[in-house]
Amino acid sequence: MIALSIFLIPLLTSFLLFNSKTGNAAKTALTSLILMLLVAIGGRVATAYGLTGTLSFPLISSIGFSFSLLWDGPAFLMVLLTIIAGLGIVYFSQDKEIHSSNRFYGWIMMMLSAMIGAFLAGDALLFYLCYEWALIPIFFLILKWGHGEHLSKVTMRFFLYTLFGSLFMMLSLLYVHQSMATPSFDMSAMWAAGKALTAGEQGWVFAGLFIAFAVKMPVFPFHSWQPSTYDHAPIQGTMLLAAIMLKMATFGLVRWAIPMTAVGIAENGHWAILLSVISVVYASFMALTQKRLKMMIAYSSVAHVGMISAGILSNTDQGTVGGLFEMFSHGILAVAMFVVYAIIEKRYGHDRMQEMGGIRTAAPAFAFLTFILVMCNVALPFTSGFVGEFLLLQSLAHYSLVYTAIAGLSVILGAAYMLRGFQAMFLGGNTHAFEALSRNEKNILAIAVLLVIVLGVYPHSLLQLIQNVY
Amino acid sequence: MEKLVALIPLFPLLGFLYITFFGKNQSKGTAGAIATALVALSFVLAILVFTTQLHGAHATFVKVLDWIHVGSFQVDLSFVVDPLSSLYILFITGVGSLIHLYSIGYMHDDEGFHRFMSYLNLFVFFMLLLVLGDNLLLLFVGWEGVGVCSFMLIGFWYKDHANNDAAKKAFVMNRVGDLGLILGMSLIFVQCGSLNYNDLMIGGSAIGHLGKWATLGAVLLFIGAMGKSAQFPLHTWLPDAMAGPTPVSALIHAATMVTAGIYLVARFSDLFTISEGASQLVTWAGVITAVMGASIALTQNDIKKVLAYSTVSQLGFMFAALGMGAYTIAVFHVVTHAFFKALLFLGSGSVIHAMGGEQDIRRMGGLKSHMPTTYWTFLVGTIAIAGIFPFAGFFSKDQILAHAMENNTVVFALLMLAAAGTAFYMFRMFYLTFHGEFRGTHEQEHHLHESPKTMTIPLVVLAIASTVGGFMGFPHAIGHAMHIEHALDHFLSGSIELTHSHMSVATEIALALISMAIAGMMILFAYNIYIKKATPVLEDAEINSPLHRLLWKKYGMDELYDNLFRKPIDALSAGLYHWVEQKMLLGMVDGSGDAAKGIGRILQPLHNGQIVTYLLAIIVGLIALIFAL
Amino acid sequence: MEILHNVTINHYLGLSTVLFALGVFGMLYRKNAIIIFMCVELMLNAVNLALVSFSKMHGDTDGQIFVFFIMVVAAAEVAVGLAILMMLYRNRHTTDTDTLNDLKG
Amino acid sequence: MVILLISALLGVSLLALEIFKLRRWMMPLMVMAFLAIIGGTFALWGMNENVMMQGMIVMDAYALRTTAVLTILALFWLLTQHQNIEKTGNSSDLYALLAFSFCGALLMTNFTNLVMLFLAIEILSIPVYVLAASNRSSLLSNESGFKYFILGSAASAILLFGIALLYGATGSFDLYNIHDALMSGTIAPLSWVGLAMILTGFGFKISVAPFHFWAPDVYQGAPTPITGWMATVVKGAAIFGMYRLFKGAFDGAMPHLEGILVIIIAITLVIANGMASIQSNVKRMLAYSGVSHAAFMLATMIIPGFDPQSIVLYVISYGISSLIVFSIMNQVGQTAGEELNNFRGLSQENPFSAAAMTIGLLSMAGIPPLAGFFGKYYVISGLISTHPGLTIIMVLTSVVGMYYYLKVIFAMYQKTSIPVVVEENNKVVLSLGIIALVAMMVAVQWM
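Protein chains in written order, with this note's numbering: chain W, 42 to 511; chain P, 22 to 650; chain R, 133 to 237; chain G, 11 to 457.
In short, the hints are calculated from the structure, not lab data. Just so we're clear, the structure is a prediction, and the values are computed from it rather than from any experiment. One or more of the hints may lead you astray.
Chain P regions said to be covered by chain W (calculated; three or more residues, Cβ under 8 Å) [to be verified]:
| no. | region |
| --- | --- |
| 1 | 81-92 |
| 2 | 194-203 |
| 3 | 535-541 |
| 4 | 603-613 |
Ranges of calculated distance between the beta carbons of each label pair, as one might list FRET restraints [claimed, not checked]:
| no. | chain 1 | residue 1 | chain 2 | residue 2 | range |
| --- | --- | --- | --- | --- | --- |
| 5 | G | V431 | W | N65 | 28 to 34 Å |
| 6 | G | V61 | R | A208 | 56 to 62 Å |
| 7 | G | N187 | R | R162 | 36 to 42 Å |
| 8 | G | M57 | R | V139 | 46 to 52 Å |
| 9 | G | G65 | R | I167 | 39 to 45 Å |
| 10 | P | R622 | G | G65 | 49 to 55 Å |
| 11 | W | G241 | P | K604 | 32 to 38 Å |
| 12 | P | K45 | W | A89 | 32 to 38 Å |
Cβ coordinates follow ideal geometry from the N, Cα and C atoms, glycine included.
Full structure from sequences and hints, please.
Below, the structure is given as structure tokens:
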């Protein structure tokens with residue numbers, strides 16, 4: 042029931058918004074999100090006292106498809122991320138000028154609903170449905186509220202590319218599904234069926250799944266849709282993509298790929314880990330050469346997810362837990378970093394870093410908060426980025442120390458490009474008139490920084506939540 | 022009593038938080054007093070903790086918080102109290118509180134005063150974490166934390182991009198070392214299954230599970246140490262780091278942070294002892310650094326740059342000692358070095374303060390009469406570093422040399438050379454600064470003054486420490502009779518491998534005399550050139566002799582790195598971005614779309630609207646089917 | 133008469149095939165819509181011939197009955213076809229199929 | 011039997027109504043007839059096989075389901091298109107022709123004898139020849155009707171010759187007898203040739219490569235409502251008939267057949283999607299997309315076993331999606347034109363139409379949770395273990411498919427100063443269709 046209501050609240054809100062006036066769309070969305078947060082946390086507490094949050098009823102019994110929602114630690118964590126990121130996005134944009142805002146927030150809420158569905162899904166087909174369905178709202182968000190001269194080309198590329206990937210996931214899931222005596226998409230049945238396949242078959246099944254996830258995460262060389270899409274999307278869309286949407290893919294690795302095809306990955310999945318590791322370094326190089334803030338953040342995001350992917354695929358406790366933790370941390374960080382971008386872009390009218398400078402003098406608090414976020418981005422200890430990234434590197438080290446060393450290069454390169462950007466924008470003497478941050482902007486950054494530090498200093502509870510679930 | 026250790030890092034942290042969030046309303050005096058008092062409080066606690074270790078060393082663990090527990094990976098926020106860590110916290114908080122006090126005066130006119138004090142507090146917090154952590158990961162927290170503080174403090178005057186560049190360079194080069202440390206940790210965890218000192222070394226001996234990986238593990242840890250402690254080839258950031266305010270140079274880039282590498286190697290002495298190869302590497306890196314640092318310092322004219330290269334060189338001495346197995350001696354040198362180098366930096370700060378920001382010793386001279394306290398304390402520091410009995414530097418440096426003589430003659434010769442150079446460049450700087458005629462502008466001369474009390478008190482305290490600090494490590498020859506020989510050695514034996522020496526008393530005394538004689542000769546040499554002959558120092562443009570130029574240009578390492586790493590990496594990423602990212606990958610994606618359209622374009626003429634064509638296609642299809650079936 | 137007795141099913145089938153092929157080739161080579169239309173009829177009649185002969189061979193009447201159906205359908209087709217053709221001619225004043233390519237690509 | 015009678019009488023009654031000048035009763039009559047047929051199928055749902063007319067036709071579960079599907083499509087077509095038909099002025103002729111065609115379509119679902127098959131095809135096709143040319147003043151419509159007629163009757167002749175040869179080889183027109191004959195002993199070369207010709211004939215009717223060339227021309231030229239009819243009811247009936255024939259007579263009997271079908275499907279997918287991606291005329295693009303959907307429908311034939319669920323689901327999901335799309339297409343075509351540019355800015359003044367069209371297109375593209383996804387799902391799920399290569403081609407071409415559907419969606423949501431404005435006269439029906447597309451997820455299990 043808990044899971045169902047968290048899934049339904051945003052969906053219903055989106056329908057409500059589509060049929061309402063533009064007046065207080067943001068308030069409605071915020072209210073709904075706060076309600077979700079309360080239900081989620083209350084639900085988690087209630088679960089501790091024995092209430093079952095899960096739900097399952099058959100939809101198409103002939104193929105074993107049921108509407109089944111889980112309410113375990115990882116699912117809760119990702120839902121929490123979705124809600125928090127959603128809150129951040131809506132809170133941030135509530136005082137912005139947005140045309141036909143009711144539909145705008147409607148699409149956002151629908152997107153959240155689809156993603157929550159994917160995170161909660163205890164049924165492979167349901168996961169796939171939500172995974173695909175999430176494309177539609179973001180597609181309209183980009184198309185209708187995006188900007189830039191190549192908007193339609195970029196949107197088209199994004200949509201087709203990600204669709205292309207996820208269709209391979211369908212093939213893989215169907216292959217596993219077909220191998221059962223009594224077909225069922227139920228999670229445990231799928232896991233068992235996947236494990237029963239030969240290593241060779243598992244390798245192929247994994248390949249299909251990984252291509253889907255690799256496109257969405259994205260991992261080199263499947264990432265070429267991402268920077269331009271981030272660039273053209275409205276800032277809220279970019280946040281949705283970076284903070285939550287790509288987590289569907291990494292979460293898919295944890296929830297579906299690893300349990301089903303662990304043997305296949307170990308024997309025939311080296312290429313995927315190699316690609317992930319290459320992705321980390323390659324994206325760092327890309328970020329190093331960017332002149333624009335948004336692009337730099339975009340590439341740094343690619344580097345982070347490459348690390349998540351590599352760590353998860355090396356398949357140890359540290360990898361799985363570290364991966365989940367890093368997803369959460371990166372989600373919050375992504376929202377915050379793009380808020381920083383939006384703040385600067387609004388005041389300068391562009392985001393070419395080399396043409397800025399001295400923001401620190403004008404807005405010391407802003408600089409302070411941003412610096413902590415930058416440090417989280419380069420995985421400084423006592424920020425949440427460190428806990429996740431370190432666990433992932435540990436996990437990767439179990440697989441190969443050489444890969445760890447290569448992926449670890451991002452430790453150096455990340456510091457180089459992040460500090461280069463920070464220096465260009467915030468430090469230096471020349472000052473440009475810089476309007477003080479609004480209360481909303483300040484609040485959202487402060488909360489993000491607080492979360493980042495609290496999670497970095499005391500990640501224990503969160504880590505306990507997502508342990509030993511498999 | 023040991024439980025109190027948890028409070029030691031807490032006080033500076035509180036100071037940081039308080040000044041950051043509420044400091045704006047406080048006057049500079051109050052804020053500075055709070056910051057200093059909190060560190061001093063920690064110092065008092067550190068003394069208490071230290072005394073518990075005096076009577077029979079034993080390691081105690083104090084757990085504060087559950088931190089990261091994932092499967093077999095179990096790491097807590099937990100502190101270790103043992104001789105090594107208690108010694109370190111003692112001089113960190115001690116020297117730290119003095120420098121805080123000094124900063125109140127030194128930074129008084131700076132608009133970023135509050136910021137400065139809070140950063141210093143934060144730095145002390147992280148430095149304490151580094152040495153108190155009972156596992157490698159917590160050490161790493163402090164390790165990175167001090168790195169960030171170093172970044173913020175080097176670039177403290179952020180409006181000048183030269184400072185920011187130096188800060189960034191320090192951070193990124195440190196990160197190169199950090200990668201080594203991360204990999205080392207990973208290797209140790211994978212092979213030994215734990216990162217806790219207790220499992221690895223103190224309570225257990227899991228470090229032995231490294232087996233054939235021991236050398237690799239030790240080398241990786243040492244790479245981390247190289248970055249933080251500015252060892253060749255990762256040393257170039259330290260001289261640049263002098264861009265920060267002088268107290269920062271004293272605290273971070275002389276006394277404490279840069280010795281974290283020595284702490285790391287000393288802490289893992291069990292590992293380095295079993296790996297001959299790694300120890301060799303440590304020795305040679307140390308020797309090369311010592312000689313190189315000393316040689317560059319001979320030609321530098323910036324008072325802080327000279328001290329910086331001197332620090333590099335002294336750190337090289339310490340690593341040479343570590344590599345030769347003299348862990349306790351290295352730590353001894355860390356402590357004495359902390360005293361006299363902090364003193365020297367603070368003294369130079371006092372000079373710079375008086376000179377209105379001027380740092381070039383060619384523009385100074387004759388300051389002796391204007392600032393007597395600074396002069397005398399600076400003299401103590403200079404003698405101490407030159408290695409003259411009975412000042413602190415003599416004891417520690419001499420034992421390193423003695424140990425080198427026992428082990429490897431080449432190392433000994435090179436270290437001796439570096440020591441000789443040290444005496445020369447220190448006195449060169451000393452004479453040029455305080456003696457002779459004043460060479461600056463009239464305006465500067467007019468403003469010359471002795472520094473305020475907050476600045477001179479720390480100088481005096483440190484000067485005393487530099488004078489008597491060496492007594493804790495009397496060599497056998499002197500201390501034997503009083504039963505206090507190697508007091509520090511014995512104390513530290515609770516934590517790290519003991520240094521073994523088989524040297525006879527006669528040799529020891531002979532060596533001490535020789536090294537002092539050489540130092541004395543060098544001092545006279547410097548006196549001869551700069552006081553007696555008053556040879557003017559060459560201006561930058563006049564430096565022509567190739568050797569001089571090479572040294573003055575710091576062996577061209579900065580340019581080399583620029584051409585070897587920075588430029589190629591920038592070019593590589595720009596190239597990858599243009600060719601692979603934009604042309605190849607995007608081209609592939611868009612190309613696959615064109616491919617589908619291409620199929621259509623090719624087939625379009627077939628769909629020409631003619632019934633005949635369509636019929637023909639049907640017939641051809643039919644015939645094909647007939648043959649296929 | 134001798135020859136007629138030697139006519140086997142294969143001969144009928146051969147003839148039917150030839151007729152069918154003629155129809156096909158006629159459709160391919162002629163440009164006049166009416167001729168093409170007649171060629172279709174020729175093909176249908178070829179089928180009729182085949183069906184009747186098979187019917188005879190199998191000794192049942194199914195095939196022959198089928199022929200009646202085909203004839204009926206063919207008649208219907210003729211009616212519809214001619215109507216369309218007339219309309220086409222009225223609008224375009226030609227029955228040349230080569231010019232009928234406004235729809236293509 | 012009753013069902014067939016209703017459908018046959020429907021056409022006659024419509025003509026009669028015209029005579030008695032009761033045109034306004036035609037539409038209700040048709041609706042009632044369709045509802046009666048749907049009701050009939052539900053009433054008979056669980057019954058046993060019922061062989062009728064001396065083994066010429068059979069009412070079995072397959073026939074009932076497919077009948078219901080075709081009738082639902084016809085009803086939905088009627089509800090979305092009746093205004094357009096009535097606008098033409100000769101609605102009675104058109105309705106009657108449609109009713110006859112519908113009768114043929116129902117016959118396609120329940121024949122067991124090749125004679126009935128032939129009759130069904132002709133009854134299905136001949137009215138549609140006329141319908142395609144029904145816009146008498148339009149040269150394109152004329153051309154479309156003529157091409158359809160000439161090529162269609164040639165294809166019928168080829169099919170017929172195939173039937174004759176098969177009859178010669180096996181001595182029967184009955185599906186099951188043919189199957190038995192083919193299964194026992196060696197297979198005569200005649201039956202190979204016969205099969206090839208039957209396949210050609212059906213390939214033409216359902217329009218798969220290389221027999222698809224007529225489809226784009228005819229679809230484009232015919233009046234849009236008729237195109238909708240052809241793309242849904244006619245194509246559905248043809249594929250249902252083909253399924254019955256192939257599963258009934260040739261299943262397991264012809265060793266190479268499966269391989270041949272795989273090749274045909276693959277070629278069709280590539281050609282159709284490639285051609286569709288370069289079209290600027292939306293209607294023509296939809297025609298090519300219809301060809302690619304035909305390939306999917308054909309693919310249900312090679313799913314092992316006789317499980318009509320996949321084909322039934324595919325036809326109805328594709329049918330409803332296309333009818334929605336063609337309905338909007340028709341409105342835009344009448345006001346602005348059929349080119350891609352004419353769709354520009356549709357969402358500004360007509361958000362409902364744009365949304366409906368978008369949902370229809372997304373469903374055709376197979377985006378979950380719309381019906382089109384489940385259609386594709388069953389096909390791919392059935393083939394994944396036996397023909398993984400083919401499924402990969404399906405997936406890749408689906409992406410191309412998404413590309414050209416997206417082009418339309420982009421155009422509709424593009425901002426423009428002179429947006430197209432259309433009349434929205436059947437929102438309710440279209441909404442029902444959209445709901446059906448979403449509800450299919452749950453309804454799948456009853457198919």
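Comparing the hints with the structure gives:
no., hint, in the structure
1, 81-92, "holds (count 7)"
2, 194-203, "holds (count 5)"
3, 535-541, "violated (count 0)"
4, 603-613, "holds (count 5)"
5, G:V431 with W:N65: 28 to 34 Å, "30 Å, holds"
6, G:V61 with R:A208: 56 to 62 Å, "28 Å, violated"
7, G:N187 with R:R162: 36 to 42 Å, "39 Å, holds"
8, G:M57 with R:V139: 46 to 52 Å, "50 Å, holds"
9, G:G65 with R:I167: 39 to 45 Å, "40 Å, holds"
10, P:R622 with G:G65: 49 to 55 Å, "51 Å, holds"
11, W:G241 with P:K604: 32 to 38 Å, "36 Å, holds"
12, P:K45 with W:A89: 32 to 38 Å, "43 Å, violated"
Violated hints, listed in ascending order, are 3, 6, 12; each of the other numbered hints is respected by the structure.
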